[in-house]
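A.B. asks: Just so you know, our numbering puts the end of the sequence shown at 131, numbered straight through with nothing missing.
I should point out that these hints are in silico values taken from the structure, not numbers from a laboratory. Quick caveat: nothing in here was measured; it's all calculated off a predicted structure. Ideal placement from N, C-alpha and C gives every residue a C-beta, glycine not left out. Any given hint might turn out to be false.
[To be verified] With a cut-off of at most 20 Å between alpha-carbon atoms, the simulated SDA-like pairs for lysine to any residue come out as follows:
(1) 122 / 63
(2) 105 / 131
(3) 105 / 63
(4) 121 / 82
(5) 108 / 90
(6) 99 / 55
(7) 105 / 88
(8) 108 / 92
(9) 121 / 78
(10) 121 / 88
(11) 99 / 68
(12) 99 / 63
(13) 122 / 87
(14) 121 / 91
(15) 99 / 122
(16) 108 / 79
(17) 108 / 126
(18) 105 / 74
(19) 121 / 86
(20) 108 / 129
(21) 105 / 124
(22) 121 / 107
(23) 108 / 59
(24) 108 / 124
(25) 105 / 57
(26) 122 / 83
(27) 105 / 86
(28) 108 / 61
[What the hints assert, rightly or not] Label pairs and their in silico Cβ distance ranges:
(29) 106 / 61: 27 to 37 Å
(30) 87 / 62: 26 to 36 Å
(31) 82 / 122: 11 to 21 Å
(32) 62 / 109: 23 to 33 Å
(33) 99 / 63: 25 to 35 Å
(34) 57 / 107: 12 to 22 Å
(35) 60 / 124: 10 to 20 Å
(36) 131 / 108: 15 to 25 Å
(37) 114 / 92: 12 to 22 Å
(38) 64 / 115: 11 to 21 Å
(39) 71 / 91: 17 to 27 Å
(40) 109 / 86: 10 to 20 Å
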Amino acid sequence: MLTLRIVSPERIVFSGEVDSVMVPGAVGPFEILNNHAPIISTLVEGKVAYTVKGVKTELQIVGGFVEVKKNNVDLCVEI
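All chains, please: the whole structure from these sequences, using the hints.
C.D. replies: The following block contains the structure:
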């Protein structure tokens, strides 16, 4: 299980446990699953998709950053 936190300059968009996260990385989209290697990456315009108990939610972003460390996924995004 991953802990996802999505923040924008205006508010906390989401905070909770998820099964997976798909993000629009600078060199292409990539999926983050349980026990993903630590990474910091820039994000480009596109959709962030996360799945909670089989239910997929999508969020359109303009850009931002993602950090993955010890099953914690932190996204700082511009919406």
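A.B. asks: Now, for every hint given, state plainly whether the structure supports it.
C.D. replies: Quick rundown of the hints versus the structure:
Simply put, residue 122 and residue 63 have alpha-carbon atoms about 24 Å apart, too far for the 20 Å limit, and the pair is violated. The straight-line distance between the Cα atoms of residue 105 and residue 131 is roughly 25 Å, outside the 20 Å bound, and the hint therefore fails. The straight-line distance between the Cα atoms of residue 105 and residue 63 is roughly 24 Å, outside the 20 Å bound, and the hint therefore fails. Between residue 121 and residue 82 the alpha-carbon distance is near 16 Å, which keeps this suggested pair within the 20 Å criterion.
Of the supplied pair hints, the one linking residue 108 and residue 90 is violated, its CA atoms being roughly 24 Å apart against a limit of 20 Å. Simply put, residue 99 and residue 55 have alpha-carbon atoms about 19 Å apart, close enough for the 20 Å limit, and the pair holds. Simply put, residue 105 and residue 88 have alpha-carbon atoms about 19 Å apart, close enough for the 20 Å limit, and the pair holds. Between residue 108 and residue 92, the direct Cα distance comes to roughly 23 Å. Violation of the 20 Å bound is thereby established for this hinted pair.
For the given pair, residue 121 sits about 19 Å from residue 78 by alpha-carbon distance, which is consistent with the 20 Å threshold. Pair hint residue 121 plus residue 88 holds up; C-alpha atoms about 8 Å apart against a cutoff of 20 Å. The straight-line distance between the Cα atoms of residue 99 and residue 68 is roughly 18 Å, inside the 20 Å bound, and the hint therefore holds. Annotation: proposed proximity of residue 99 to residue 63 holds, straight-line Cα distance about 18 Å (limit 20 Å).
Between residue 122 and residue 87, the direct Cα distance comes to roughly 7 Å. Compliance with the 20 Å bound is thereby established for this hinted pair. Under the criterion of a C-alpha separation no larger than 20 Å, the hint pairing residue 121 with residue 91 is consistent with the structure, at around 7 Å. A threshold of 20 Å between alpha carbons decides the hint, and for residue 99 with residue 122 the separation of about 23 Å lies outside it, so the pair is violated. Proposed proximity of residue 108 and residue 79 is contradicted: the alpha carbons are some 23 Å apart, above 20 Å.
Note on residue 108 and residue 126: the hinted pairing holds, with a Cα-Cα distance of about 18 Å set against a maximum of 20 Å. Taking the CA atoms of residue 105 and residue 74, the gap is about 15 Å. The hint holds against a cut of 20 Å. Distance restraint check for residue 121 and residue 86: the Cα-Cα separation of roughly 10 Å lies within the 20 Å cut-off, and the hinted pair is therefore satisfied. Proximity of residue 108 to residue 129 is assessed by CA-CA distance (about 19 Å); at most 20 Å being required, the pair is judged to hold.
Of the pairs offered as hints, the one joining residue 105 and residue 124 holds, with about 17 Å between alpha carbons and a cut-off of 20 Å not exceeded. As the CA atoms of residue 121 and residue 107 are separated by approximately 24 Å, the hinted pair breaks the 20 Å bound. A threshold of 20 Å between alpha carbons decides the hint, and for residue 108 with residue 59 the separation of about 18 Å falls inside it, so the pair holds. With a C-alpha separation of about 19 Å, the suggested pairing of residue 108 with residue 124 holds against the 20 Å cut-off.
Taken as a hint, the residue 105 and residue 57 pair is honoured in the structure, with Cα atoms around 16 Å apart against an allowance of 20 Å. Distance restraint check for residue 122 and residue 83: the Cα-Cα separation of roughly 15 Å lies within the 20 Å cut-off, and the hinted pair is therefore satisfied. For the hint linking residue 105 to residue 86, the alpha-carbon distance of about 14 Å falls within 20 Å, and the restraint holds. For the suggested pair residue 108 and residue 61, the alpha carbons sit about 24 Å apart, so the restraint of at most 20 Å is broken.
For residue 106 and residue 61, the Cβ-Cβ distance of about 31 Å falls inside the hinted range of 27 to 37 Å, so the restraint holds. Range check, residue 87 to residue 62: Cβ separation about 32 Å, and the 26 to 36 Å hint holds. At roughly 18 Å, the beta-carbon separation of residue 82 and residue 122 lies within the given 11 to 21 Å, and the hint holds. Judged by the Cβ atoms, the range 23 to 33 Å given for residue 62 and residue 109 is violated: they are separated by roughly 18 Å.
Checked against the hint of 25 to 35 Å, the C-beta distance between residue 99 and residue 63 comes to roughly 19 Å, which is inconsistent with it. In this structure the hint that residue 57 and residue 107 lie 12 to 22 Å apart at CB holds, the actual value being about 18 Å. Between residue 60 and residue 124 the beta carbon distance is about 18 Å. The supplied range of 10 to 20 Å therefore holds. A C-beta distance of roughly 18 Å is found between residue 131 and residue 108, which places it inside the suggested range of 15 to 25 Å.
Look at residue 114 against residue 92: about 19 Å separates their beta carbons, and that is inside 12 to 22 Å. In this structure, residue 64 and residue 115 meet the distance hint of 11 to 21 Å, their C-beta atoms being roughly 18 Å apart. Taken as a hint, the range 17 to 27 Å holds for the pair residue 71 and residue 91, whose Cβ atoms sit roughly 18 Å apart. In this structure, residue 109 and residue 86 meet the distance hint of 10 to 20 Å, their C-beta atoms being roughly 18 Å apart.
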